[in-house]
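2 protein chains.
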Amino acid sequence: MNQLIELKRVTTKKDKPDLSSLGFGKHFTDHMFVMEYDKEKGWHDPRITPYEPLVLDPAAAVFHYGQAIFEGLKAYRTSDNRVLLFRPSKNIHRLNVSSERMSMPPLDEELVLEAVQQLIDLERDWIPTKEGTSLYIRPFVIATESCLGVKPALQYKFMIILSPVGAYYANQLQPVRIFVEEDYVRAVRGGVGAVKTGGNYAASLQAQLKAEKLGYDQVLWLDGVEKKYVEEVGSMNIFFKIKGEVFTPALNGSILGGITRDSVIEMLRSWNVPVHERRITIQEVYEAYQRGEIEEVFGTGTAAVISPVGELSWNDERMIINNFETGELSMKIYQEMTDIQLGRIPDPYQWTVEV
Amino acid sequence: MNQLIELKRVTTKKDKPDLSSLGFGKHFTDHMFVMEYDKEKGWHDPRITPYEPLVLDPAAAVFHYGQAIFEGLKAYRTSDNRVLLFRPSKNIHRLNVSSERMSMPPLDEELVLEAVQQLIDLERDWIPTKEGTSLYIRPFVIATESCLGVKPALQYKFMIILSPVGAYYANQLQPVRIFVEEDYVRAVRGGVGAVKTGGNYAASLQAQLKAEKLGYDQVLWLDGVEKKYVEEVGSMNIFFKIKGEVFTPALNGSILGGITRDSVIEMLRSWNVPVHERRITIQEVYEAYQRGEIEEVFGTGTAAVISPVGELSWNDERMIINNFETGELSMKIYQEMTDIQLGRIPDPYQWTVEV
Ligand SMILES: Cc1ncc(COP(=O)(O)O)c(C=O)c1O
Ligand SMILES: Cc1ncc(COP(=O)(O)O)c(C=O)c1O
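Residue numbers (my numbering), protein chains in the order written: chain A, 867 to 1221; chain B, 867 to 1221.
Isolated chain A, as found in the complex (with noise of 0.2 angstroms):
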């Protein structure tokens, strides 16, 4: 640990939400975590408070010019009641990338892994039992500057909050209404697709209320240049099972690299599965479904951990994957990767850290 992080502890607790109504990312903790930067003193005063209101100018560039990255991670209680995070050091490297791309000042790695545990750790009797919920862990960065040049902001703020989540899944894994989107598109190769920053959400909202309206889940996205590659589904990556062997998009540089993206590949990998990272079309998605090739679809990512894809409609094209059922490889990476989330069998990629 690089820096001492202070501790300033609520006087009265907060009740806990029910636990049958948790829903996502609209209850949050007793306390948070906090640091500033600036030009002379770096990222300085990190410590944990009581989770409060922030006061910012009107004229701080976050508002104005979009200069704000964050991390979605979670925190799970296994049955022996031990706390594990599953690969953070990951989630804080990619907070990293994103703020190079975003000309933010970096972060110290260490520190924010340390002021991570810390909170959780702290806030443990948040993070609920129910089999399927988490703590959901949210680091974000935001410039904070009051100035309306167009600039890389002088001031950020840092912070952690954490937020009890309930079960993705009802009961068991329920595939997804997927339609592929030919007219918006989410990013392009040298914009800023392949960071976690918040104008590729805000920008994606359009498409996802269109896709919702002809009673789709999710968007599929295609490349914005020749929009013929698949790239991603709104905050997930895509896999697809043919005859046998795993396709999933190369990091192209417009699509996120997901941490359970890149767990899936190694944990396929290790099981002898031939996995495939390269550009894929979705014309050749579609000849080989109709050649009756497909297997399983399947979308990965914190949230849902795997979402298996039912269909996938493209240009009036309507393809029913696997008969609308989860398929047996979604099933078991799902399986393997919650039992090792969950400290339920020996992690042997040893991607949990215990808090």
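Hints listed in this document are in silico derivations from the structure and should not be mistaken for laboratory results.
Please read all numbers here as calculations on a predicted model, not as lab measurements.
Any given hint might turn out to be false.
As the list claims (entries may be wrong) - Here are some of the chain A residues that sit facing chain B, going by a computed Cβ distance under 7 angstroms: (1) F890; (2) D923; (3) Y931; (4) G1015; (5) I1027; (6) Q1072.
Claimed, not checked - In silico DSSO-like cross-links for lysine-lysine, where the CA-CA straight-line distance does not exceed 27 angstroms: (7) K1079/B - K907/A; (8) K1094/A - K1094/B; (9) K1079/B - K1017/A; (10) K879/B - K1023/B; (11) K905/A - K892/B; (12) K1017/A - K1023/B; (13) K1017/B - K1079/A; (14) K1023/B - K892/A.
Backbone N, C-alpha and C define an ideal beta-carbon position, used for all residues, glycine too.
Model the placement of chain B with the ligands on the given structure of chain A, informed by the hints.
Only chain B with the ligands this time, still in chain A's reference frame:
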């Protein structure tokens, strides 16, 4: 006027900043306009209050998913002490174009115009008098709902803040050196490049820093698909005068429809100068340059009105435009436009609105 705008005045006014060191967007006036939106009440509580910090939950959507839009326009003081706005309805309408693309609720454009006028009227003595200075008006909307789900927020805040700004040019128009960016991309068709949302500006910072390191003032963006077509400069649209005719990129969905751009086109047409809005490749600009046919290049935007381009660097080719001097047409447009803005000549276009 549709709704009553409440007024709460400051008790003590701030000292006015030194007119010689105003800079841009650093000082703010005594009051601001605010109103809130939620699903039930719609936009409500329009009011002018003392300029004061915002208090927001750390989970407010604007910090995480970038739902934020803004506008920029100016109030000018004429030599006979009247106050003029330049086409304010255009900015307010563009704000609604932005809000639609960013899945935000539309504003009542009449109410916003009324708010701008009342606020400016109240802050009249903040409009600086020195030649070239003005009072910059920054309306903006941010998503304030406290929720980490990726979806259009259900609560927003609309604000108008005012900042006295210095003259863009110390004495006369100053040509700029522009770097044509071939790696970074600002926007792509299907994306959000045509609207004023924070993410576009955050995404542009790395390229701006790179251009500055190479000794240039600003970046000229190419289209994100083919990297062939000229788009726009930092916060300006771009015009080329070639053999007596003027060319500017057509509004293709990925560049901002500048209000200065629109005004320059109208002005040129009224002068019978041929103006063409169409796709322009950087290659054809280069070829016209080689044939000695490029007479002037200039940027247009609210900040500088007209910014002559003295040099364009593309692919190791350095094109020196008009001997690095301000062209005749650039000068004439600048003169006419600022004369209208400052009420020095009659306004045949009915662009100005007196407060
Ligand atoms: C755009 C996007 N793609 C993919 C993912 C999946 O990444 P991870 O597996 O790290 O959660 C996320 C969620 O973080 C995301 O926001
Ligand atoms: C990206 C961009 N392009 C062009 C412009 C010029 O627009 P306007 O003439 O309305 O100021 C601006 C400034 O508003 C801008 O931000």
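Checklist entry - Given D923/A as an interface hint, is the shortest Cβ-Cβ distance to chain B below 7 angstroms? => result 6 angstroms, holds
Checklist entry - Is K1017/A close enough to K1023/B, meaning Cα to Cα at most 27 angstroms? => result 24 angstroms, holds
Item to check | Interface restraint verdict for Y931/A against chain B (beta-carbon cut-off 7 angstroms) | outcome: 4 angstroms, holds
Checklist entry - Are the Cα atoms of K1023/B and K892/A separated by 27 angstroms or less? => result 19 angstroms, holds
Checklist entry - Is the hint on F890/A kept, meaning its closest Cβ partner in chain B is under 7 angstroms away? => result 5 angstroms, holds
Checklist entry - Regarding the pair K1094/A and K1094/B, is the alpha-carbon distance no greater than 27 angstroms? => result Satisfied, since the Cα-Cα distance of roughly 20 angstroms is no more than 27 angstroms.
Next on the checklist: K1017/B and K1079/A were given as a pair; does the straight-line alpha-carbon distance stay at or below 27 angstroms?
Outcome noted: Holds - the C-alpha atoms of K1079/A and K1017/B are around 14 angstroms apart, at most 27 angstroms.
Checklist entry - When you check the alpha-carbon spacing of K879/B and K1023/B, does it fall within 27 angstroms? => result 25 angstroms, holds
Item to check | Hint status (Cβ of I1027/A to nearest Cβ of chain B, threshold 7 angstroms) | outcome: The hint holds - I1027/A has a Cβ within 7 angstroms of chain B, the shortest such distance being about 5 angstroms.
Checklist entry - Between K905/A and K892/B, is the straight-line Cα distance small enough, at 27 angstroms or below? => result 17 angstroms, holds
Checklist entry - Hey, does the Q1072/A contact hint survive, CB to chain B under 7 angstroms? => result 6 angstroms, holds
Checklist entry - K1079/B and K1017/A: Cα distance at most 27 angstroms? => result 14 angstroms, holds
When each numbered hint is compared with the structure, no violation occurs for any of them.
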